[in-house]
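Which chain is which? The protein sequence lines are A and B, in order. Heads up: take any position in the first sequence, counting from 1, add 479, and you land on the numbering used here. Heads up: take any position in the second sequence, counting from 1, add 108, and you land on the numbering used here.
It cannot be assumed that every hint is accurate.
To be verified - Below, in silico cross-link-like pairs of lysine-lysine (PhoX-like), each with a Cα-Cα straight-line distance of 25 Å or less:
1) B/175 / B/162
2) A/571 / A/524
3) B/162 / B/111
4) A/524 / B/160
5) B/197 / B/175
6) A/521 / A/586
7) B/121 / B/175
8) A/524 / B/111
9) A/586 / A/518
10) B/111 / B/197
11) A/524 / A/586
12) B/175 / B/160
13) B/121 / A/571
14) A/521 / B/111
15) B/162 / A/571
16) B/197 / A/571
17) B/111 / B/160
18) A/518 / B/160
Hint data in this document are derived by calculation from the structure and do not stem from the laboratory.
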Amino acid sequence: DIQLTQSPSFLSASVGDRVTITCRASQDISSYLAWYHQKPGKAPKLLIYAASTLQSGVPSRFSGSGSGTEFTLTISSLQAEDFATYYCQHLKSYPLTFGQGTRLEIK
Amino acid sequence: EVKLVESGGGLVKPGGSLRLSCTASGFSFSRAWMTWVRQTPGQGLEWVGRIKSKADSGTTDYAAPVKGRFTISRDDSRNRLYLQMSSLKTEDTAVYYCTTLGDYYDSAHYHLRGFDYWGRGTLVTVSS
Numbered sequence: 480d481i482q483l484t485q486s487p488s489f490l491s492a493s494v495g496d497r498v499t500i501t502c503r504a505s506q507d508i509s510s511y512l513a514w515y516h517q518k519p520g521k522a523p524k525l526l527i528y529a530a531s532t533l534q535s536g537v538p539s540r541f542s543g544s545g546s547g548t549e550f551t552l553t554i555s556s557l558q559a560e561d562f563a564t565y566y567c568q569h570l571k572s573y574p575l576t577f578g579q580g581t582r583l584e585i586k
Numbered sequence: 109e110v111k112l113v114e115s116g117g118g119l120v121k122p123g124g125s126l127r128l129s130c131t132a133s134g135f136s137f138s139r140a141w142m143t144w145v146r147q148t149p150g151q152g153l154e155w156v157g158r159i160k161s162k163a164d165s166g167t168t169d170y171a172a173p174v175k176g177r178f179t180i181s182r183d184d185s186r187n188r189l190y191l192q193m194s195s196l197k198t199e200d201t202a203v204y205y206c207t208t209l210g211d212y213y214d215s216a217h218y219h220l221r222g223f224d225y226w227g228r229g230t231l232v233t234v235s236s
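With the hints as constraints, model all of the structure from the sequences given.
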């Protein structure tokens with residue numbers, strides 16, 4: 480099975496900050512990576528697929544990059560509604576595993 | 109508007125069984141690939157299994173921890189997805205979500221996009 484490791488696990492930042500979250504895969508997954516965020520008590524929401532393609536309706540301050548085994552999610556200017564837990568997920572093969580999550584909190 | 113509503117969760121004893129349902133609306137359910145995902149309280153996300161559309165064979169795949177104990181099925185006439193869970197263990201305690209599994213077209217092939225739409229989830233508690 481493909482393992483995904485996110486870093487950091489916890490991130491404290493302020494509104495307006497630029498933040499980057501990294502996701503590393505245990506083997507080459509090409510660009511078969513998605514990013515989600517989840518707010519407390521809510522279901523996750525798909526933000527980015529194919530490593531860098533913004534899902535419809537997602538603000539352009541979110542961006543993704545990478546291929547192979549290393550990927551990043553960047554939020555260019557944090558807004559209050561962005562404080563949540565972020566997960567990466569690979570879609571290379573079954574099982575479709577998730578990273579352990581990065582909790583983004585207000586400083 | 110796409111809507112997924114899970115039901116059937118509750119308290120069940122170890123070794124017991126439970127069937128979850130997911131009622132879909134707002135999209136062509138019969139053409140959709142669907143999945144179940146679970147999340148243990150305060151923990152991360154775990155993919156449980158997937159069922160393809162009948163046009164794409166209707167086959168299922170499962171995560172190792174549930175294989176042989178859980179079965180995913182669908183009733184396209186009722187726009188419903190099911191998760192039959194048996195031989196339940198305490199570690200199956202989680203919120204269970206149903207999701208759509210979207211795709212995109214690139215380089216002459218369809219590829220998995222991710223879990224586009226999610227229900228609100230239903231809590232399953234396995235405890236004596």
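Comparing the hints with the structure gives:
1. Note on residue 175 of chain B and residue 162 of chain B: the hinted pairing holds, with a Cα-Cα distance of about 21 Å set against a maximum of 25 Å.
2. Distance hint between residue 571 of chain A and residue 524 of chain A is fulfilled; the C-alpha atoms sit about 20 Å from each other, no more than 25 Å.
3. Simply put, residue 162 of chain B and residue 111 of chain B have alpha-carbon atoms about 21 Å apart, close enough for the 25 Å limit, and the pair holds.
4. For the hint linking residue 524 of chain A to residue 160 of chain B, the alpha-carbon distance of about 21 Å falls within 25 Å, and the restraint holds.
5. A distance of roughly 13 Å separates the Cα atoms of residue 197 of chain B and residue 175 of chain B; the hinted pair therefore holds under the 25 Å criterion.
6. For the given pair, residue 521 of chain A sits about 22 Å from residue 586 of chain A by alpha-carbon distance, which is consistent with the 25 Å threshold.
7. Straight-line distance between C-alpha atoms of residue 121 of chain B and residue 175 of chain B comes to about 19 Å, which keeps the hinted pair within the 25 Å bound.
8. Between residue 524 of chain A and residue 111 of chain B the alpha-carbon distance is near 14 Å, which keeps this suggested pair within the 25 Å criterion.
9. For the hint linking residue 586 of chain A to residue 518 of chain A, the alpha-carbon distance of about 17 Å falls within 25 Å, and the restraint holds.
10. Proposed proximity of residue 111 of chain B and residue 197 of chain B is contradicted: the alpha carbons are some 30 Å apart, above 25 Å.
11. The hinted pair formed by residue 524 of chain A and residue 586 of chain A meets the criterion: a straight-line CA distance of about 23 Å does not exceed 25 Å.
12. For the hint linking residue 175 of chain B to residue 160 of chain B, the alpha-carbon distance of about 17 Å falls within 25 Å, and the restraint holds.
13. This hinted pair does not check out: residue 121 of chain B and residue 571 of chain A have alpha carbons roughly 36 Å apart, beyond 25 Å.
14. Taken as a hint, the residue 521 of chain A and residue 111 of chain B pair is honoured in the structure, with Cα atoms around 14 Å apart against an allowance of 25 Å.
15. Under the criterion of a C-alpha separation no larger than 25 Å, the hint pairing residue 162 of chain B with residue 571 of chain A is consistent with the structure, at around 22 Å.
16. Restraint check: the Cα-Cα separation between residue 197 of chain B and residue 571 of chain A comes to about 29 Å, which exceeds 25 Å; the hinted pair is violated.
17. Restraint check for residue 111 of chain B and residue 160 of chain B: the C-alpha separation of about 19 Å stays at or below 25 Å, so the hint holds.
18. With a CA separation close to 29 Å, the supplied pair residue 518 of chain A and residue 160 of chain B exceeds the 25 Å bound.
Going through the hint list in order, the structure does not satisfy hints 10, 13, 16, 18.
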